[in-house]
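2 protein chains.
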Amino acid sequence: MTAAPTWRAQGEAKRQSILDAIPSKWRLETVIPSAAAQPDVTGDYIRQFLNEREIKITESDAVDIVAQTTSGRWTAVEVTEAFCHRAALAHQFVSCLHEVFFDAAIEHAKVLDAYFAEHKAPLGPLHGLPVSLKDQFHIKDVETTMGYVGWIGTFQGKPTDSRCGAVESELVRELRNLGAVLYCKTSVPTTLMSGETINNIIGYTWNPKNRLLSSGGSSGGEGALIALRGSPGGFGSDIGGSIRIPAGFNSLYGLRPSTGRMPYQGAANSMDGQNVILSVIGPLAPTARTLTLLFKSVLSQEPWYHDPLALELPWRDSIVQETLDLVKQAETGKSALAFGMMPFDGVARIHPPIARGLELVEQTLKRLGHKVIDWCPPSHVEAHELAGKAYQLDGGTDLKLQFGLSGEAPPPQIIVKEGGTEMIASEIAALNVAKREYQKKYMDYWNSTAKLTGTGRPVDGFFCPLAPHAAVIPTQYEQTGYTTFVNVLDYTSVSIPVTFANKFVDVLPAEISATEAEAYIDWDCKFDLEIETIDHSDNEADDAETYHGAPVGTQFVGRRLQEEKILTLAEYIGAAIARDTELA
Amino acid sequence: MTAAPTWRAQGEAKRQSILDAIPSKWRLETVIPSAAAQPDVTGDYIRQFLNEREIKITESDAVDIVAQTTSGRWTAVEVTEAFCHRAALAHQFVSCLHEVFFDAAIEHAKVLDAYFAEHKAPLGPLHGLPVSLKDQFHIKDVETTMGYVGWIGTFQGKPTDSRCGAVESELVRELRNLGAVLYCKTSVPTTLMSGETINNIIGYTWNPKNRLLSSGGSSGGEGALIALRGSPGGFGSDIGGSIRIPAGFNSLYGLRPSTGRMPYQGAANSMDGQNVILSVIGPLAPTARTLTLLFKSVLSQEPWYHDPLALELPWRDSIVQETLDLVKQAETGKSALAFGMMPFDGVARIHPPIARGLELVEQTLKRLGHKVIDWCPPSHVEAHELAGKAYQLDGGTDLKLQFGLSGEAPPPQIIVKEGGTEMIASEIAALNVAKREYQKKYMDYWNSTAKLTGTGRPVDGFFCPLAPHAAVIPTQYEQTGYTTFVNVLDYTSVSIPVTFANKFVDVLPAEISATEAEAYIDWDCKFDLEIETIDHSDNEADDAETYHGAPVGTQFVGRRLQEEKILTLAEYIGAAIARDTELA
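Chain order of the listed sequences is R and H. Residue 575, in the working numbering, is where the first sequence stops; the numbers in between run on with no holes. Residue 575, in the working numbering, is where the second sequence stops; the numbers in between run on with no holes.
Chain R extracted, bound-state conformation (with noise of 0.2 Å):
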């Protein structure tokens, strides 16, 4: 028999040490029931372990408690407070964080208390408010590991560097100015290439809707964080999905801004420098105007001044007016809006829950009076090779050297794989021309539905699934097109909720024709056709029933750099699709 591996020791070592980091008044005597017994940990399940004070704080959006922290009444003492606790049950029911630094927030908490009372004012927009990051930003005095045993107790896998818990990325700083209160960072997949979120530290983040299924990634902790309400809001980055994709599976907002809007720098990267695709930060959370107030507020710390790849481009209020004077030209009667709708991209066909989403949407769409037009841009088989490339354009050479510094295995859900061949300078060249030339037939085809709107422009932005699944089952995650091509467009893009998965709705018509049961191949392996199609073959039990329950979201993307577009127009048709499918 031999010994069970040092990297494993040391990644539950590190485990253990997050679980320690919880002080013992809010951690779980009982017993936690398993997955199958107490799939959905939200809403009453988790309520059980907070008080009235701490339920109100924490069901509160954030543009609601910074009303209340920004005037004085609540402290920011009570607000972080109530928020540690409620993370450190959200911790503990899906296994969501990677460091838990609570006592260095409360004790931040009391400073701006101080301040406040000093000075009658809040230090800044967001005076209080705690705010979760993803584990790739750098906080003084908190480990960054991004899952990799390899980093505990390094900066960034370098054991001497002396940046080692001494520095703190740009997006902290900024916050900090804000007055935002930190304490806690999420989980990711090791080299955030994942949809799912697993690693040799903590394991795997589960979706606190359904704790069978996958909370998402490469941002599934934000996600299973926030949905649980052990967040107001935070921050994750997307290079194929990863904001999106998490927010989608957790019935939450979020938000894939443009390259070059929120600050990047000094934040720990996989594959750091690969600029074909880059990386971008955006924020979760569960309501539209949170995203708004988090994006907007980091915008105000004018971030071009500070990371040489943010663009100047302050938050344009004029845009929001824009947008606002078209919504009201629609209730008017008065088509002024449009909008495209594409439930299949070619490659991976959409299970029926996702269906019936895009379908809700559409319906609200067209009850609030706006055109929408079938969205049938370029092949979008090419996009997902443009990205494919991209993300495998070190040949592994950076996963390689990461999963070595402690001999880890990586988790099988990464889609970059090691042992691949670097590109050469001149492929990369014509990768990057390739890229461009299917931009500009993207944006050519963008500009070509204005004859088809009726509103004199191009539509507004287009619906589509996230995935082909709801919160997905876990290894069971093998298309990420509906995603990734965003990232090779660099789109602005925001997930919607819109309802949960229904066993008993999201069923198979008693007769279908040959092109509807392509729809529905993956839903229960009945159908054998020639299609791309994801492997079913090792789960053949009866997916509507695993799917019951899982958050069904869309995605709406528009054109790029028009986050104030984006962001107005998710709030209005989130807050509609919301009402017409009675989320609200």
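Any given hint could be a false lead.
Note that the list lumps identical chains together, so a pair holds whenever it fits in one copy or between two copies.
Stated by the list, open to error - Keeping only pairs whose Cα atoms sit at most 30 Å apart, straight-line, the calculated DSS-like set for lysine-lysine is:
1. Lys362 <-> Lys149
2. Lys431 <-> Lys149
3. Lys391 <-> Lys149
4. Lys431 <-> Lys380
5. Lys357 <-> Lys149
6. Lys380 <-> Lys47
7. Lys556 <-> Lys432
8. Lys362 <-> Lys319
9. Lys380 <-> Lys391
10. Lys408 <-> Lys287
11. Lys432 <-> Lys131
12. Lys380 <-> Lys149
13. Lys432 <-> Lys47
14. Lys442 <-> Lys362
15. Lys287 <-> Lys556
16. Lys442 <-> Lys131
17. Lys442 <-> Lys319
Think of the hints as simulated: they come from the structure by calculation, not from any bench. Here the structure is a predicted model, which is why all the values come from computation and not from measurement.
Following the hints, put chain H in place on chain R, whose structure we already have.
The following block gives chain H in isolation, referenced to the frame of chain R:
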């Protein structure tokens, strides 16, 4: 005796066809004097071949021209013909054109005149304005060779590509929408990677002010043509100084905008897809306000909806106004603007005329009441090394391919070389990280000047040389670091004319210290200090004599994406310098 290679004959045939495209009425019948006999062909020399009306039109700047053409006082045809004539002369003097299509231009001008007659209004803000273009832009029925013999009769070297003569670059489309008239394309060095303009088609593009010197590069044809007022303004491109150098060498203004402001879509390029340092498009012109006119007009076409790499960043009048307010405040005696001054980058010592030019700039700034501080940024050696790696990324694969099409010999002035090694993905990623870290250091330094300026802000920009020398002696341009660092940083930068080299003024003092001597080392080879210098061993003659009369410009550098501010200040400061140096 071996036959001359085919490529030489092909290049000569193309050179002859350019001359043949000039109407015989504009062909010079007399033999043009040698460069030694008539070095300066600007001003009175070229005027002798033009009538009063042509001189009036061609010596008006673009702002004055469009005031006439958009109000119907001047016709598009008369303006176009005047510039065609003067461009024809310019080419015969200094070899600055790759393509001549005056007939098509005059036909187009007629259409514009008809439009005006019908609508009593101009087609756009550039109605009837001739605009010259560097030979990277595709125009229908016109060839693009970029100086390569192997591109003659092809689309970017591809003989059977149906786009040959059939497509137009995005900038061309926008200029036509704006009412501009296209009539010629200007010379470039093959590969675009040289501070001189030379190729196997048109030979060498000489400096109109002194035909023994270079017009600069790579937009050297633009520089020479505009210096002779054969164009009121045009567009070049800049990956290492290729707009600013020919502007500076020809007493012109030239803008190197940050990446993403001007549309590169559909233009030919070298090493297309290399995206560590991107080439950018920008205008050159005799006046700063022409740069603004051209830049602002193009932005009015919303290139971001047609070029996937263009940023949605319209012309910002508010920044112009803020800047003018600061200027106005300075006029009241209260210091409101502050500038850095960097006469030496730590690599290449500058010649006396350049040093004197910067002293003149500093005197003007002080006369205007502005604060001037020493600019002591992070090492420019590092920037220079980063740029060198980026330019050589593919080990010369692209240039080998392009020269190989015809078998032609690369001109020795090309700074990239074939036979190198292609960098691999992880090396390129490391280079991107190193570049970003350098940008961050520079940014932090810039921010740090806030404590020195007395304005409450960091410097508003800084001044430095464009090159160690004035318009250069052929083959002696060996230090490009004064311009390439800007491309590494992606800063906004404008060339501003200052003075002319003067052998009577720019002399060595009778007694100088060793330190002072360093600054003069390349001037007359009298000193032999151990610093990195230009090797002038093959040119022991008196440089002061050779450089006499060569234009001396300065470079004014602003932060990234601050084109509105920098153009506004360039116009203000440039006018003040001109007043002070009696240029005006």
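Exercise for the section: List in ascending order the numbers of the hints, as given earlier, that are violated by the structure. Expected result: 1, 5, 6, 10 and 13
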